[in-house]
Structure formats: structure tokens, C-alpha cells
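Enquirer: Hey, can you work out the whole structure from these sequences and the hints?
Same order as they appear, the protein sequences are chains A and B. Per the numbering used here, residue 1 is the first one in the first sequence, and the count goes up by one each step. Per the numbering used here, residue 289 is the first one in the second sequence, and the count goes up by one each step.
Take the hints with a grain of salt, since some may be wrong.
[To be verified] Cut-off 27 Å, straight-line C-alpha distance, at most; resulting in silico cross-link-like pairs (BS3-like, lysine-lysine):
| id | chain 1 | residue 1 | chain 2 | residue 2 |
| --- | --- | --- | --- | --- |
| 1 | B | K570 | A | K284 |
| 2 | A | K102 | B | K352 |
| 3 | B | K572 | A | K111 |
| 4 | A | K283 | B | K570 |
| 5 | A | K283 | B | K586 |
| 6 | A | K186 | A | K34 |
| 7 | B | K584 | A | K284 |
| 8 | B | K565 | A | K239 |
| 9 | B | K586 | A | K284 |
| 10 | A | K244 | B | K586 |
| 11 | A | K63 | B | K341 |
| 12 | A | K239 | B | K583 |
| 13 | A | K244 | B | K530 |
| 14 | A | K244 | B | K584 |
| 15 | A | K244 | B | K351 |
| 16 | B | K565 | A | K283 |
| 17 | A | K239 | B | K515 |
| 18 | A | K111 | B | K341 |
| 19 | B | K351 | B | K341 |
| 20 | A | K276 | B | K412 |
| 21 | A | K243 | B | K586 |
| 22 | A | K243 | A | K257 |
| 23 | A | K284 | B | K592 |
| 24 | B | K584 | A | K257 |
| 25 | A | K243 | A | K283 |
| 26 | B | K314 | A | K284 |
| 27 | A | K244 | B | K309 |
| 28 | A | K239 | B | K572 |
| 29 | B | K314 | A | K111 |
| 30 | B | K309 | B | K442 |
| 31 | B | K542 | B | K515 |
| 32 | A | K227 | B | K572 |
| 33 | B | K570 | A | K111 |
| 34 | A | K227 | B | K570 |
| 35 | A | K230 | B | K570 |
| 36 | A | K63 | B | K565 |
| 37 | A | K243 | B | K583 |
| 38 | A | K276 | B | K565 |
| 39 | A | K243 | B | K570 |
In case anyone wonders, no lab produced these hints; they're calculated from the structure.
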Amino acid sequence: MPSLFFAVLSEAKPWIQKTKAKPVHHSGKFRIYKNDSMYIIISGVGKIAMALAVSEFAHLLPKEERDHMKVWNLGIVGSNQLNWKVGDFFWIHKVTDYATGKDYYPERMTKSVFGMETNLTTFDRPIAKIKTDNQFQVLNEKDLESVSLVDMEGVGFFEAASLYFPLENISIGKVISDHLEGNFCKPETVESILANLLEPLFLEWTNPLPWVTEDPFETRIWPEIWKEVKELRLTETMKHDLKKSLRFYFLRYPNTKIPMPNLEIVPKIKSKTEVKSFVEEWKKQLHV
Amino acid sequence: MFKSFSHIYIEETVADHFRTKEILSKFPNAIQIPIRHYKDSFNRNSQNFRIQKQSPKLVLAEKKEHFLYPGSDFSPNFSHKYFYYNTLALNCIYDCEYCYLQGMFPSANLVLFVNWEDFFTETKKFLDNHGSLYLALSYDTDLLALESFFPATKSWIQFASTEPNLTLEIRTKSTNFQSIAHLTPNPNIILAWTISPQIVIDTIEHGTPSLQARIKTIQKTIEAGWKVRVCIDPVLRIPDWKIHYQSLAELLGKELNPKGITELSVGGFRMNLDFLKQITDKRKDSSILFHPFEKKDKIVSYSKEETEEILHVIIPSFEKHFDPSQINLSYP
Ligand code: SF4
Chain A
1 MPSLFFAVLS EAKPWIQKTK AKPVHHSGKF RIYKNDSMYI IISGVGKIAM ALAVSEFAHL
61 LPKEERDHMK VWNLGIVGSN QLNWKVGDFF WIHKVTDYAT GKDYYPERMT KSVFGMETNL
121 TTFDRPIAKI KTDNQFQVLN EKDLESVSLV DMEGVGFFEA ASLYFPLENI SIGKVISDHL
181 EGNFCKPETV ESILANLLEP LFLEWTNPLP WVTEDPFETR IWPEIWKEVK ELRLTETMKH
241 DLKKSLRFYF LRYPNTKIPM PNLEIVPKIK SKTEVKSFVE EWKKQLHV
Chain B
289 MFKSFSHIYI EETVADHFRT KEILSKFPNA IQIPIRHYKD SFNRNSQNFR IQKQSPKLVL
349 AEKKEHFLYP GSDFSPNFSH KYFYYNTLAL NCIYDCEYCY LQGMFPSANL VLFVNWEDFF
409 TETKKFLDNH GSLYLALSYD TDLLALESFF PATKSWIQFA STEPNLTLEI RTKSTNFQSI
469 AHLTPNPNII LAWTISPQIV IDTIEHGTPS LQARIKTIQK TIEAGWKVRV CIDPVLRIPD
529 WKIHYQSLAE LLGKELNPKG ITELSVGGFR MNLDFLKQIT DKRKDSSILF HPFEKKDKIV
589 SYSKEETEEI LHVIIPSFEK HFDPSQINLS YP
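Expert: Next up, the structure:
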């Protein structure tokens with residue numbers, strides 16, 4: 001089940017409409033939308049709001065679910081490159097926190113129809129190239145040199161997401177909304193920029209992660225066997241060792257039935273010594 | 289095995305290095321990402337080695353210290369007083385299920401250090417101070433397999449020709465001998481090939497050259513006058529392992545000139561316990577890793593009986609074709 005983080009509602013709106021996701025009632029501060037197969041989260045502006053939203057969301061899920069979850073941040077950015085157009089979309093392979101100078105590296109693992117990639121710098125305030133009435137932070141020539149795209153959330157998203165989700169599952173994609181002219185984008189403009197990219201991105205977002213595959217031993221074979229021997233009350237170490245031995249046999253002889261002991265005697269086994277020898281005998285059959 | 293690299297991370301200090309430029313010119317379509325220090329990317333938490341191995345990235349970096357490491361207890365020192373290894377590269381383009389690198393490194397990306405001259409200088413200093421050095425060159429990687437874009441093996445062979453007290457071991461599974469075939473053989477250099485039965489190559493040593501190709505390369509190397517070590521290491525107790533390793537002995541006896549082999553090195557599977565834990569945590573599809581190993585001093589290996597059985601089978605099979613003095617155990 002993928003999850004998608006936006007800073008503001010106007011960015012998320014086309015996605016919410018497309019997925020018909022409904023608000024989730026939870027005790028937290030951030031808006032979470034959900035349908036049967038996906039989550040959309042709106043954090044509010046700024047890296048701290050984004051980091052908190054990621055962390056709050058992650059705490060609502062068990063680790064197994066997080067491990068299999070694709071987690072994206074999409075949003076608008078300002079561009080320092082005049083030759084890139086409003087509406088151009090980039091995957092981000094490096095995020096810099098302007099305030100601390102720290103770099104982070106979201107690694108691109110899967111292919112995309114969007115072929116352009118660049119780096120992103122996250123600032124604590126809106127950025128402009130020239131002074132305006134809006135009190136944007138004005139960057140000098142030197143600072144601008146190392147800047148390609150600018151936003152206010154990317155770093156907060158990545159730093160928090162990498163604490164809770166496998167790195168390979170995390171992606172940041174940004175679309176250009178302005179060239180640092182010092183004006184706030186109108187919500188309708190933001191909405192339409194995001195809506196233009198929706199279809200191809202939606203396809204990629206809903207594609208399952210190629211490395212999340214079923215482990216039949218874990219999901220099917222072990223639970224079935226465990227059901228039969230649960231009442232032996234094995235110690236954690238014995239359980240772990242038995243599971244390992246069973247997996248060994250399963251991998252080594254994938255087309256053979258796993259040897260099972262006489263399960264009828266299980267209810268009669270009482271003492272620790274009996275349990276031990278029962279398991280040892282079984283393991284001997286598996287270690288061939 | 290690999291087609292290309294989609295991304296190349298480049299440390300800022302080596303961005304203008306001539307060797308960086310040479311390597312980059314081999315991958316014109318790769319996206320280049322400037323990076324301050326390779327560890328900023330390579331050592332990140334929560335990376336999954338297995339997933340990254342599906343699409344490994346290249347990292348070009350500068351090695352700033354540790355140009356020589358003392359040899360590990362897992363590796364034979366071949367009776368040399370000063371046994372060291374260096375790491376010109378971290379990780380490998382192949383994907384062997386038993387490879388300890390999966391448990392040792394947090395990332396599957398391939399790091400190449402481009403400042404070889406600093407390695408040469410430090411090695412020379414060591415030789416001046418200690419008089420001799422046995423240096424394993426292809427540790428934590430398969431260096432010869434990278435030769436087409438990272439021709440370090442050639443440079444080290446050339447360096448060794450100027451340092452008579454330096455003995456080099458270059459261990460590989462690759463068939464890239466042609467890339468160094470034009471160099472003059474040096475008796476202080478041992479080219480070592482790891483050999484396994486074809487079934488192991490097919491099912492466990494993913495992406496590596498076939499047995500026939502390796503044997504052919506070894507034979508060419510012998511004919512060219514190089515010292516060759518053949519490593520049957522690790523021996524793996526796969527189903528019907530006896531038959532597979534006995535046929536391997538037959539094949540090597542038939543196809544290689546036994547006199548040309550300096551040494552046959554034999555050893556069963558063994559690994560640092562922590563590495564194995566790391567690996568089995570992420571890789572649950574490899575039966576050889578779930579073997580009921582014996583644990584001793586943080587090392588896992590086959591039990592004493594299993595190890596004895598391995599030697600009992602392997603040694604006589606090889607003794608049919610090779611002189612017993614040629615056969616050595618790579619691990620007690
Ligand atoms: S060739 Fe060696 S270094 Fe490379 S994956 Fe195989 S065991 Fe590891």
C-alpha cells in the first residue's frame with residue numbers, strides 16, 4: 001500500500017479526487033486521506049511539519065507494513081535554472097538542508113518515464129532571486145550557484161522517512177512552479193500543475209515495489225507448522241533454531257515435502273527434556 | 289552481469305582526477321551526482337544490500353588512510369611474515385550467495401578509489417621499513433573483473449615489477465586475463481582463480497563466468513608463464529556435493545597442466561557470525577546460508593566431522609591428478 005506526502009492541499013487535491021481517498025479520523029495533527037489501497041498525507045508547510053507528519057504517520061503502522069510500503073513526497077519547487085520550464089518534473093537524487101549544510105541521497109532504484117533528475121535544496125523560508133514585498137529570503141549569486149531546485153519540505157521528508165522506512169522505498173519528485181521571482185503561487189495554479197502530471201505518476205506510484213515478493217516459507221509454511229507444535233512451548237532460541245532448520249530443508253529440497261515428526265505425541269510431551277529431544281530428533285531429519 | 293551504472297556518485301575532491309574522467313568516459317549515460325564523502329552515501333542506515341544489488345551504483349572516491357590492512361584470520365597467509373591486503377574497491381560486480389561482503393558492507397554500491405598513487409607510495413614505504421610484503425590485492429572485490437573500466441590490476445602488476453620484495457596475490461573468478469596478457473609474467477605475482485563445480489556457478493555464484501571459461505583462462509595463464517593458484521574455496525555441501533567436487537577434480541586434472549599450477553588451495557565454507565546474521569536477515573532464499581553451522585569464536589563453519597569429510601573426499605580426488613605437495617588447506 002503506497003503512501004504519498006504533500007505539503008499543502010492544493011498539491012494533493014488532484015490525487016485525492018483521482019483516488020477518492022477519504023479523510024481518516026485519528027488523534028494526530030495532520031490530515032491523512034485513505035482508500036482501500038493507499039494513503040495521502042498533507043503535512044503543512046516547512047521541513048519540521050513534514051518530518052512530524054512522516055513520523056506521526058509511521059507510528060500508525062506496524063513495521064512489516066512500513067517495510068513493504070512505497071513512500072513518496074511530491075510537490076512544487078522553485079527553479080534556479082531558467083532553461084527549465086514551469087511544469088517540468090524531476091526526481092531528486094540529492095537533498096541539501098540549507099540551514100545545516102547536510103546532504104542526503106535518495107537513491108533511484110526503479111526506472112521512470114520521467115527521465116530528469118537533479119538536486120534539491122530545502123530552505124526554512126521562501127526563496128527569491130530579487131527583493132520583493134513578500135519578504136522572501138533573497139539569495140546572493142554565490143548561494144545560487146549551488147542551487148538547482150528549492151523547496152521547504154524535501155529534507156524534512158527524507159530525514160524522517162529514512163528513520164522509519166527502508167531507504168529503497170523512498171522517493172522525492174518535484175515539479176517546477178516558478179523561477180524564484182518572489183511570488184506565492186495561487187492554489188489553482190499549483191493544482192493544475194500537479195494535475196497535469198497525475199496520470200503517468202499515478203501509474204508509477206501504484207506499481208508494486210519490484211523487490212517486495214512473497215516468502216512462502218514465512219507466510220504459509222512456517223505458520224502452518226507452528227500451529228501444530230505451538231503447545232510445546234519452545235523457548236525463543238529453540239523456536240528460532242527450529243525455524244532455521246525447517247527453512248534450510250525447504251530451500252534445499254524445494255520439491256520435497258518437509259519431514260514432520262509424529263504430531264500425535266505433541267500433547268503428551270510435558271517435560272523440558274522431552275521437548276528438547278523431540279525437537280532434536282526432528283532437526284536431525286531436516287539436516288540431511 | 290552488469291550492463292552499466294545508472295548513477296555515479298563522485299567525491300568532490302576527485303572530480304577533476306584524470307582517472308575519474310577516464311572512468312566516467314566509459315559510462316556516458318550515467319547520471320553524475322557530486323558527493324562530499326563516499327561514506328555519506330555508502331554508510332547510510334537502513335539500506336538493503338539485496339535490493340541495491342539489483343541496480344548497483346558506482347561511487348568514485350579518494351582513499352585517505354588505511355592503504356594496508358593486516359590479513360584476516362579467515363584467509364591463508366601462505367607462510368608469509370607480512371601478510372596484508374588493500375582495498376582499491378569495495379564490493380563486487382558478481383553476486384555469490386556465500387559472499388561475506390553482503391554482511392560486511394551496509395551498501396551494495398561499488399566504491400572505486402581512484403588515487404592509486406597513494407596506495408603505491410604507502411606500499412613502498414612499508415617495503416622500505418619491513419623488507420618484504422605479501423599483499424592480497426583483490427580483497428573485498430574482484431578486481432580483475434573490473435579491469436575494463438578500472439584497470440588497477442595492470443597498474444599493480446607494473447608496480448610490482450619495480451618492487452622485487454613485493455609478492456602480490458590477485459584472486460578472481462573473471463576471465464579477463466586477456467586484458468593483462470601483454471604484460472611480462474612476474475614470479476612474485478600469483479594469479480589465483482576460485483573454481484567451483486558448474487552447478488555451484490549456475491545456482492550460487494550469480495553472474496560469474498562458467499567453469500569451462502575459467503579453466504580455459506587458467507590454462508592460457510599457465511601457458512603464458514604466470515604463477516597460478518587454484519582455489520577450491522569455499523567447498524559447499526550442496527546436495528550430491530561429493531559427486532560434483534569429484535568430477536571437478538577429474539575435469540581440472542584433465543584440462544589443466546598440473547605442473548603449471550603452483551598450488552591448489554582447499555577450504556570449506558566459513559564466515560564471521562555477525563556477517564552471517566546480517567546476511568540471513570536480508571537473504572532468506574539461499575539454502576547454503578541456513579546450514580546448521582558450528583559456531584566457535586564468532587566464526588561459523590561446517591562441523592568438525594563435516595569438515596573432515598570434505599577433506600577426506602576432496603584431497604584424494606585431487607591427489608589423483610596433482611602432487612600432494614601442491615595441495616594446501618586454506619583454513620585449518
Ligand atoms: S566473486 Fe568474490 S567478491 Fe565477488 S561476489 Fe563472489 S565471493 Fe564476493
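Enquirer: Does each hint fit the structure? Answer for all of them.
Expert: Outcome of the hint check:
1. B/K570 <-> A/K284: holds, 26 Å
2. A/K102 <-> B/K352: With Cα atoms ~21 Å apart, A/K102 and B/K352 stay inside 27 Å; holds.
3. B/K572 <-> A/K111: Between B/K572 and A/K111 the Cα gap is close to 26 Å, so the pair holds against 27 Å.
4. A/K283 <-> B/K570: holds, 23 Å
5. A/K283 <-> B/K586: holds, 23 Å
6. A/K186 <-> A/K34: holds, 26 Å
7. B/K584 <-> A/K284: holds, 21 Å
8. B/K565 <-> A/K239: The given pair, whose Cα atoms are some 16 Å apart, holds under the 27 Å limit.
9. B/K586 <-> A/K284: holds, 24 Å
10. A/K244 <-> B/K586: holds, 18 Å
11. A/K63 <-> B/K341: holds, 23 Å
12. A/K239 <-> B/K583: With a Cα-Cα distance of about 18 Å, the restraint between A/K239 and B/K583 holds, given a limit of 27 Å.
13. A/K244 <-> B/K530: holds, 24 Å
14. A/K244 <-> B/K584: Distance ~19 Å between A/K244 and B/K584 Cα, so the pair holds.
15. A/K244 <-> B/K351: violated, 40 Å
16. B/K565 <-> A/K283: holds, 20 Å
17. A/K239 <-> B/K515: Roughly 50 Å separates the two Cα atoms, so the pair is violated.
18. A/K111 <-> B/K341: With Cα atoms ~15 Å apart, A/K111 and B/K341 stay inside 27 Å; holds.
19. B/K351 <-> B/K341: Distance of about 23 Å is within 27 Å: holds.
20. A/K276 <-> B/K412: violated, 59 Å
21. A/K243 <-> B/K586: Answer holds: A/K243 to B/K586 is near 21 Å, not above 27 Å.
22. A/K243 <-> A/K257: Between A/K243 and A/K257 the Cα gap is close to 15 Å, so the pair holds against 27 Å.
23. A/K284 <-> B/K592: Answer holds: A/K284 to B/K592 is near 17 Å, not above 27 Å.
24. B/K584 <-> A/K257: Violated, because 32 Å separates the two Cα atoms, which is more than 27 Å.
25. A/K243 <-> A/K283: holds, 10 Å
26. B/K314 <-> A/K284: Violated - the C-alpha atoms of A/K284 and B/K314 are around 53 Å apart, more than 27 Å.
27. A/K244 <-> B/K309: violated, 48 Å
28. A/K239 <-> B/K572: holds, 17 Å
29. B/K314 <-> A/K111: holds, 21 Å
30. B/K309 <-> B/K442: holds, 18 Å
31. B/K542 <-> B/K515: With Cα atoms ~19 Å apart, B/K542 and B/K515 stay inside 27 Å; holds.
32. A/K227 <-> B/K572: The hint holds at about 21 Å.
33. B/K570 <-> A/K111: At roughly 23 Å apart (the allowed maximum being 27 Å), A/K111 and B/K570 satisfy the hint.
34. A/K227 <-> B/K570: Holds. A/K227 to B/K570 sits at ~25 Å (cutoff 27 Å).
35. A/K230 <-> B/K570: holds, 26 Å
36. A/K63 <-> B/K565: holds, 20 Å
37. A/K243 <-> B/K583: With Cα atoms ~18 Å apart, A/K243 and B/K583 stay inside 27 Å; holds.
38. A/K276 <-> B/K565: holds, 24 Å
39. A/K243 <-> B/K570: Given pair A/K243, B/K570 holds - Cα atoms ~16 Å apart, limit 27 Å.
Hints 15, 17, 20, 24, 26 and 27 from the list above are not met by this structure, while the remaining hints are.
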